[in-house]
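With the hints as extra help, turn the sequences into a complete structure.
In the order they appear, the protein sequences are chains A and B.
Counting in my numbering, the first sequence runs from 1 upward without gaps.
Counting in my numbering, the second sequence runs from 1 upward without gaps.
Keep in mind that the hints are not guaranteed to be accurate.
Unchecked claim - List of simulated lysine to any residue pairs, SDA-like, C-alpha gap at most 20 Å:
#, chain 1, residue 1, chain 2, residue 2
1, A, Lys214, B, Ser95
2, A, Lys214, B, Gln75
3, B, Lys80, A, Asn234
4, B, Lys141, A, Pro315
5, A, Lys216, B, Leu53
6, B, Lys84, B, Asp64
7, B, Lys84, A, Arg231
8, A, Lys28, A, Trp66
9, A, Lys28, A, Gln278
10, B, Lys72, A, Glu229
11, B, Lys77, A, Arg231
12, B, Lys262, B, Phe320
13, A, Lys214, B, Pro99
14, B, Lys141, B, Ser151
15, A, Lys214, B, Leu100
16, B, Lys141, A, Arg316
Unchecked claim - A few chain B positions that, by computed beta-carbon distances, are all more than 12 Å from chain A:
#, residue
17, Val182
18, Gln187
19, Asp190
20, His302
21, His308
To be verified - Here are some chain B residues pointing at chain A (derived, C-beta under 10 Å):
#, residue
22, Leu78
23, Glu109
24, Val159
25, Ile172
In case anyone wonders, no lab produced these hints; they're calculated from the structure.
Even glycine gets a Cβ: it sits at the ideal position worked out from N, Cα and C.
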Amino acid sequence: MWKLIVRRILIMIPQIFVLSLLVFIMAKAMPGDALTGLIDPNIDPAAIEAMRERLGLNNPWYVQYWDWVTRAMQGDLGQSFHFKMPVTELIGQRLVNTFWLSLATLIFTYMIAIPLGITSGRYNDTFLDRAITGYTYVGFAAPLFITALLMLFVFGFQLGWFPTGGSVSPGSAAGTWDYILSKAYHLILPAFSMAVITTVSTVQYLRSEIIDTKQKEFIITARAKGASESRVYNRHILRNSLLPIAAFFGYEITGLIGGTIFIENIFNYPGMGQLFLQSITRRDFSVMTACVLLFGIAAIIGALISDIILSLVDPRIRIK
Amino acid sequence: MKIKNLTTSFRVLDDYYAAVDNVTLTVNKNEVLAIVGESGSGKSALAFSIMGLHNRAKIEGTLDFKGQNIAKYSQGKLNKLRGKEMAMIFQDSLSALNPLMIVGAQIDEALLLHNSSMSKKDRKVRVIDFLSKVGIPRPEKTYEQYPHELSGGMRQRVVIAMAIANQPELLIADEPTTALDVTIQAQILDLIKDLKDDMRAGIILITHDLGVVAEMADRVAVMYAGQIVEIADVYSLFSSPQHPYTRSLLNSLPNSAETKTKLHVIQGVVPPLHKMPREGCRFRHRIPWIDESSHEENPELHEIKPGHFVRCTCYKDFYFPDKHKEASGNGAT
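Set out below in structure tokens:
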């Protein structure tokens, strides 16, 4: 077990290296740099050139890459040109916000997916199943940002049940109960809006897994042993069907990254997704690369988590 | 176990078609009844009907098990019987075992479901006892292993241990050796034989392997297209087979005495369920050279000798069309 985990973690090192290289090259390939558009065009071009030289923007790309990587490893992701503060500090608070948003979304996703998927799979081709699959088709077809806007409009503005922006009400002091509750309250609507859409693939996946497992021969064996219907489901079908869902977990995290970019912008929620979009439009090079790098690392960790969960639940994968 | 006029129908395109058609059979205690037939002849459908394992089929007729008609039982009531009084051995041991459970726990489940008073410790002792009974060399170790860690023969032994855990009175073995290689087959057959003498249970052995039948069975029922076409004790069936289908089956076995001629092949295949002829002799399309007049209009089982039944009258006029003649007696038993 430990061997497998250590091996999996070692594989992550080259993955992260390739990721960082790609991120850096892609960011560099974008037209313009941090000084374009940010500086008054009336300034002497020679002065701008001098500033470029001073910031190291004229060095060959591999030198710039090396500088960036060595500093990043020491926890210094550079300065944000726009916010005029260290990227690490800027990202810190937002990362926490996005983490909670993602966690809440995941919880909602599985809270919706597991009961719906099980019902749909167990009673397939009934009216209930058709209703649930109908919902999943709508979920596949409806873009996340439209749904989120609709939810924001209905529950935020029309009904006024939930706040329409921010991550916490102004005025509440950090660490108090009020603060925590206010944070949770601000999370619900964005997390739920995202979960309602991202969950549909998990519902479908679980449904087809259950229908598939239902017809396996060992289920007949269990019935032939005299196991009751509920025991057959709880002991034999569910565990075997949840296995691929566990494998799906890593992709779920990757999907969340894309989702948070939309959701945070629509709900004006100060997280990584919002920061990322802002940094692109402002050519805030160091913030942007840091964001992409963190997103990439999150995806890699997601895959790692999937593999570990899978090896825990499926004895066939364990490496001796 | 007495099966009377059992008909199991499946729904194909809005109509019900009988996969098992009006089957009447009796299995006695301490007897091996073999059911033989090609793929699609309804052997497995019959076994599943007896166990009540079809969920979308229409089942008619009576299944008299120890004086009770279990065909009318609810699933809940059947669950009390299944695994306890009647059990089943499946063909493919890899897919018949839950890949995520250690084999010990799977056998344990069979005990747990029917002996709620037994303690966990006692059950483990019993399971290990059964594992060694079916010839597993290190039962304590195997108890903790997953199905994929065992060989095919060992897995089939586990499946058997699971079926006999509660010492059932009726054991249905659905092609128990088909997925195994020949040496393991022989071991498994010996094991089933030993267990039979031990438990004195009635065994229904479903197979398409006539060698297995000759080795194991006391009586044989030959099935074709959902019907029983011939029933006899194993000796009469092999020495004087009557129905054209039985004779064709026996004639398609390789014979060590005749190595030069081609093997006999039965023309065509068993027709699919919804295209099965429902009138007349169902085998007539596969023996077109036999005159239509020799078939009965509504073929019945005729008792030609005590305990030897044959369906349809066509057996009287049947002959093989090609040069190589029917091997006499087929050298069986």
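Cross-check of the supplied hints:
{"no.": "1", "hint": "Lys214/A x Ser95/B", "in the structure": "holds (12 Å)"}
{"no.": "2", "hint": "Lys214/A x Gln75/B", "in the structure": "holds (17 Å)"}
{"no.": "3", "hint": "Lys80/B x Asn234/A", "in the structure": "holds (19 Å)"}
{"no.": "4", "hint": "Lys141/B x Pro315/A", "in the structure": "holds (16 Å)"}
{"no.": "5", "hint": "Lys216/A x Leu53/B", "in the structure": "holds (13 Å)"}
{"no.": "6", "hint": "Lys84/B x Asp64/B", "in the structure": "holds (16 Å)"}
{"no.": "7", "hint": "Lys84/B x Arg231/A", "in the structure": "holds (17 Å)"}
{"no.": "8", "hint": "Lys28/A x Trp66/A", "in the structure": "holds (14 Å)"}
{"no.": "9", "hint": "Lys28/A x Gln278/A", "in the structure": "holds (17 Å)"}
{"no.": "10", "hint": "Lys72/B x Glu229/A", "in the structure": "holds (18 Å)"}
{"no.": "11", "hint": "Lys77/B x Arg231/A", "in the structure": "holds (15 Å)"}
{"no.": "12", "hint": "Lys262/B x Phe320/B", "in the structure": "holds (14 Å)"}
{"no.": "13", "hint": "Lys214/A x Pro99/B", "in the structure": "holds (14 Å)"}
{"no.": "14", "hint": "Lys141/B x Ser151/B", "in the structure": "holds (14 Å)"}
{"no.": "15", "hint": "Lys214/A x Leu100/B", "in the structure": "holds (15 Å)"}
{"no.": "16", "hint": "Lys141/B x Arg316/A", "in the structure": "holds (17 Å)"}
{"no.": "17", "hint": "Val182", "in the structure": "holds (23 Å)"}
{"no.": "18", "hint": "Gln187", "in the structure": "holds (21 Å)"}
{"no.": "19", "hint": "Asp190", "in the structure": "holds (23 Å)"}
{"no.": "20", "hint": "His302", "in the structure": "holds (35 Å)"}
{"no.": "21", "hint": "His308", "in the structure": "holds (32 Å)"}
{"no.": "22", "hint": "Leu78", "in the structure": "holds (8 Å)"}
{"no.": "23", "hint": "Glu109", "in the structure": "holds (6 Å)"}
{"no.": "24", "hint": "Val159", "in the structure": "holds (8 Å)"}
{"no.": "25", "hint": "Ile172", "in the structure": "holds (9 Å)"}
Checked against the numbered hints given earlier, this structure breaks none of them.
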